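> Residue numbers (the working numbering), protein chains in the order written: chain A, 1 to 306; chain B, 1001 to 1353; chain C, 2001 to 2354.
If you are wondering where the hints come from, they were derived from the structure by calculation, not from laboratory data.
Please note: incorrect hints may appear among the correct ones.
In silico SDA-like cross-links for lysine to any residue, where the CA-CA straight-line distance does not exceed 20 Å [to be verified]:
no.	chain 1	residue 1	chain 2	residue 2
1	B	Lys1117	C	Glu2183
2	C	Lys2171	C	Ser2108
3	B	Lys1100	C	Ser2108
4	B	Lys1346	A	Gly85
5	B	Lys1145	B	Phe1155
6	B	Lys1104	C	Ser2057
7	B	Lys1025	C	Glu2318
8	C	Lys2144	A	Val137
9	C	Lys2171	C	Lys2192
10	C	Lys2226	C	Leu2203
11	B	Lys1103	C	Leu2296
12	B	Lys1264	B	Val1058
13	A	Lys130	A	Gln140
14	B	Lys1024	B	Asn1275
15	B	Lys1061	C	Lys2226
16	B	Lys1307	B	Trp1268
17	B	Lys1307	B	Lys1346
18	B	Lys1117	C	Gly2209
19	C	Lys2008	A	Leu277
20	B	Lys1100	B	Ala1080
The model shown is predicted, which means the values in this text are computed figures rather than measured ones.
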Amino acid sequence: MTPDILIPLLAATVQSGTPILFATLGAIFCEKSGVLNLGVEGIMAVGALAAFSVSFATGSIWLGFLAGGLAGVLTGGIHGLVCLGFLGNQVVSGLALTILGVGVANYLGTPLIGLTAPGFVPVDVPLLSKLPFVGPVFFQHDPLVYISYLVPIGMWFFFRNTRAGLRLRSAGENPDAALAAGINSSNYRWIGVLCGGFFMGLGGAYLSLAYTHMWANHLTAGRGWIAVALVIFAFWNPLRAVAGAYLFGGVMAFQFRLQASGTHIPSSFLLMLPYVLTVSVLVFSSWKGGSSATPQALGVNIEPAD
Amino acid sequence: MRKVLVLLVLSLLIAGVSVQAAEKKMKVGFVYVSPVGDAGWSYAHDVARQAIEALPNVEVKYLEAVNEGADSERVFLNMARKKYDLVFGTSFGYMDPMLKTAKKFPNTVFMHCSGYKSSENMGNYFGRMYQARYLSGMVAGSMTKSNVLGYVAAFPIPEVIRGINAFTLGVQAVNPDAEVRVVWTKTWYDPAKEKEGAKSLLDVGADVIAQHQDSPGPQEAAQERGVYSIGYNTDMSQFAPKAHLVAPVWNWTPYYMEVFNSVKDGTWKTGSTWNGLAEGVVDLSPMGDMVPADVKTTVLARRDEIKKGDYVVFTGPVKDQAGTVRIADGTVPADGELLGMDWFVKGVIGTTE
Amino acid sequence: MFDLTIRKRQETLGWTTVLIYSGAVVLSLLFSAAMLLFQGNSPVEGLSLLLEGAFGSTYAIEDCLIKAIPIYLCSLGVAIAFRLQIWNIGAEGQFALGAIGATWVAISFPGLPSWVMIPSMMVSAFIFGGLWGVIPAILKLKMKANEIIVTLMLNYIAILILDYLVYGPWKSPDSFGFPMTQEFSAGAIIGKIGESNLNWGILICLLSGLVIYVFFRYTLMGYELKASGENVRAARYARFPYERLVIISMLLSGAFAGWAGFVEASATLNRLQPTIMVGYGYTAIVVAWLARLNPLYIGISSFLLAGLRVGAENLQLELQVPAAFGEIMEGMILLTILAGTFFVNYRFSRRPRP
């Protein structure tokens, strides 16, 4: 594998993994607080539409990006309302949100199909982008990719070293004990759901503002489900989520390049690679003891005190 | 006096009845496999539907995103039960469900796009998109400098393979050393994946990207890299104004009008219709300004030749990837051979699986 | 003066439950009606088109039943796993494998008479689907791998295996290069009941439902399964064979989804092609939950959901509403029912402030 081939492949990996990374980080934030969220796909779809339409209407890509995040907050809020307010089953609420979110996005987005809006373009990071190998791979992308480098670190720090982060985690591990210690777990779960929704929305916004500069029905094409899987793959650790997103995005980019180079392997098998690899790595890591990272109260609603 | 009155009433009645008969509303249904908003395949059919809708005395309805299989059978049955006169089904997978329904409802005319079965009240039709693809290949072949062209393709079905082959033959007509590399995305519509596929081709040196996909994802990839692209379905130049050279496009309106009128007149006959450039079902979009004038002239001249029948795409000798001659020198393959094409011509790098 | 608190209900509500759920559905239909109005359509007309399309004629009811068959079988399977709190998201892939298994028998031995062919296809679908369910079970037990992600990934892999087969070795020479197997011989096709469009697959549904009902109600293993789902630790303490229960429940779960694939391939499509995949596996999860994992309610639930989809199609056709409208309705109904369960499970009570 010459650098000629490797560098564009790795650069494509980073770009391909970025929307999934945002979404996975959002899902991690949500689930760390104890709220299982299978609605990532729906939230991403709404985020993508919101981002594109705001960029189209205002001409501002950053407003668009922010709008995507806010749309994610609102949509995530529905999940929060149903699960935290009405104590509904989290699995089904997430599924329902996926159906609703994708439906709403397709419904409202139809007039925007075929239109173009301003989007993010690659911007080289001064100095760093000139570094051999590392430069073109990591530092010649659009600004949102650079943001995606910082978010996992910030999240990791938040969960590990801040009081708010610890309290949020306790809401996900043992909300009753937390309550006894005077922490309002329910409020922290709301923070988890809403902030999580924000990042999921950003993941969708990336798709319509940076990865492509368009909106179309089913733009998200199942990436939300990949994020759901990658949360587990990452053992709910934001740093490991980076590895998962890049692994998945990378293998997907890799199999295309394998096809382009003229291989005779049937494309069905090549397209299986990302999924097979994700499962294999997960199984291996779980076997080695990583699976105890599951937030213990994940998926379990906080029952009202008797 | 009474006689006059009776005659008057009678003639009024007859006039009324014949006016009713003349004004019978035609009910036409369209069934699409993807949302109209895909800006691609279904959208192109919908443009023709709107033309029919604008006609007087006709009720036109459509259903989009109808899955092939059980769902589509139900849709066709419902339309037939509601006494639709004419139903268009615009996806290959609708073939068997349409056929089954056609048997049960002989008074409705069914038109199936891109299939191969027909019956007394079901006809099939398609467009010789490969002719337009050949021309687009000529444009692409003239503009490439690296002699590597990339083709982002959805599924390895005959129409896609045929299109790739025609494109490649067009490229080779102006540039015998060029090669066409193919990647399969296994999706008709996923802008991000299609763009990724295009990028992978760009990374192996392609400087013109063509596609058999419904979204403009590959066009964007080409524009971002500063290279050229060939669109599909509709003119995609608004997505990639600097890259988009030309696009082979569909124009179903004339043919659909013809079918509609023949059903209305009662002159419709079943059959397999495969119209092409000559009938206007397929065409080239306007070529971009970056295409030199002499290339434009050459391509348009060839287009006229195809329209008149003076030049036939796929005239032999044509070899496959292994070098075997598949179409003998001077012969033109029968339609059946083209419809089932499952091999690549020499010069295509890729698998058909 | 008084604080309003929430308490879990001690009593079950019976008919009031139905009332609350109906109220939820009505609420979401009102929301959909508002959307219709916003578009310039008459909400009354819209809703009546919905009902008429779903239940307004024998054809409609037939269509609902036909559509409900694969949903029912997948849901039944999903419910078995969910009872044990094994989150099987893989019904879609198990459906695909079942279809593959049945197809393999049909195209390998086309001459067989139907009384040999159909049962053989059923056995094959059971094994293939069951296998796809057992793999995540074993990975869960031996490697502690989370079943949500494994089953989800296996869905994608299964669909790609199906693609490979129909684009490659199983592609019919008569299909003009299109990805489909040859048409099944008459012996491999599940027939229609009399003059209607409904096929005998509904019998498989009835029998499976009955068997599962008996299993959970009257057998020891069924009891162990239910109990283990409710409290794994207590079950282990009581020496219930948890590992064996996981394997069996996922085997059955995958097998029933596999049967759904078999029915679709045999009765509906009469061949195998990629468009057999329409998402029944995911729909099944929703249906199973709505029906509280009970085989009888799953029947009602799948019928009603099929009705919603068939009715929405009629609405789209007559009022030219976009396809996404049906999805919005479905999502809204689910969310309102979820919210409604709150009122079923909890009640407000007044407590004097201390």
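> Hint by hint, say whether it matches the structure.
Structure-based check of each hint:
{"no.": "1", "hint": "B/Lys1117 to C/Glu2183", "in the structure": "holds (14 Å)"}
{"no.": "2", "hint": "C/Lys2171 to C/Ser2108", "in the structure": "holds (13 Å)"}
{"no.": "3", "hint": "B/Lys1100 to C/Ser2108", "in the structure": "violated (26 Å)"}
{"no.": "4", "hint": "B/Lys1346 to A/Gly85", "in the structure": "violated (64 Å)"}
{"no.": "5", "hint": "B/Lys1145 to B/Phe1155", "in the structure": "violated (28 Å)"}
{"no.": "6", "hint": "B/Lys1104 to C/Ser2057", "in the structure": "holds (18 Å)"}
{"no.": "7", "hint": "B/Lys1025 to C/Glu2318", "in the structure": "holds (16 Å)"}
{"no.": "8", "hint": "C/Lys2144 to A/Val137", "in the structure": "violated (35 Å)"}
{"no.": "9", "hint": "C/Lys2171 to C/Lys2192", "in the structure": "violated (26 Å)"}
{"no.": "10", "hint": "C/Lys2226 to C/Leu2203", "in the structure": "violated (26 Å)"}
{"no.": "11", "hint": "B/Lys1103 to C/Leu2296", "in the structure": "violated (37 Å)"}
{"no.": "12", "hint": "B/Lys1264 to B/Val1058", "in the structure": "holds (10 Å)"}
{"no.": "13", "hint": "A/Lys130 to A/Gln140", "in the structure": "holds (9 Å)"}
{"no.": "14", "hint": "B/Lys1024 to B/Asn1275", "in the structure": "violated (30 Å)"}
{"no.": "15", "hint": "B/Lys1061 to C/Lys2226", "in the structure": "violated (50 Å)"}
{"no.": "16", "hint": "B/Lys1307 to B/Trp1268", "in the structure": "violated (25 Å)"}
{"no.": "17", "hint": "B/Lys1307 to B/Lys1346", "in the structure": "violated (26 Å)"}
{"no.": "18", "hint": "B/Lys1117 to C/Gly2209", "in the structure": "violated (39 Å)"}
{"no.": "19", "hint": "C/Lys2008 to A/Leu277", "in the structure": "violated (45 Å)"}
{"no.": "20", "hint": "B/Lys1100 to B/Ala1080", "in the structure": "holds (12 Å)"}
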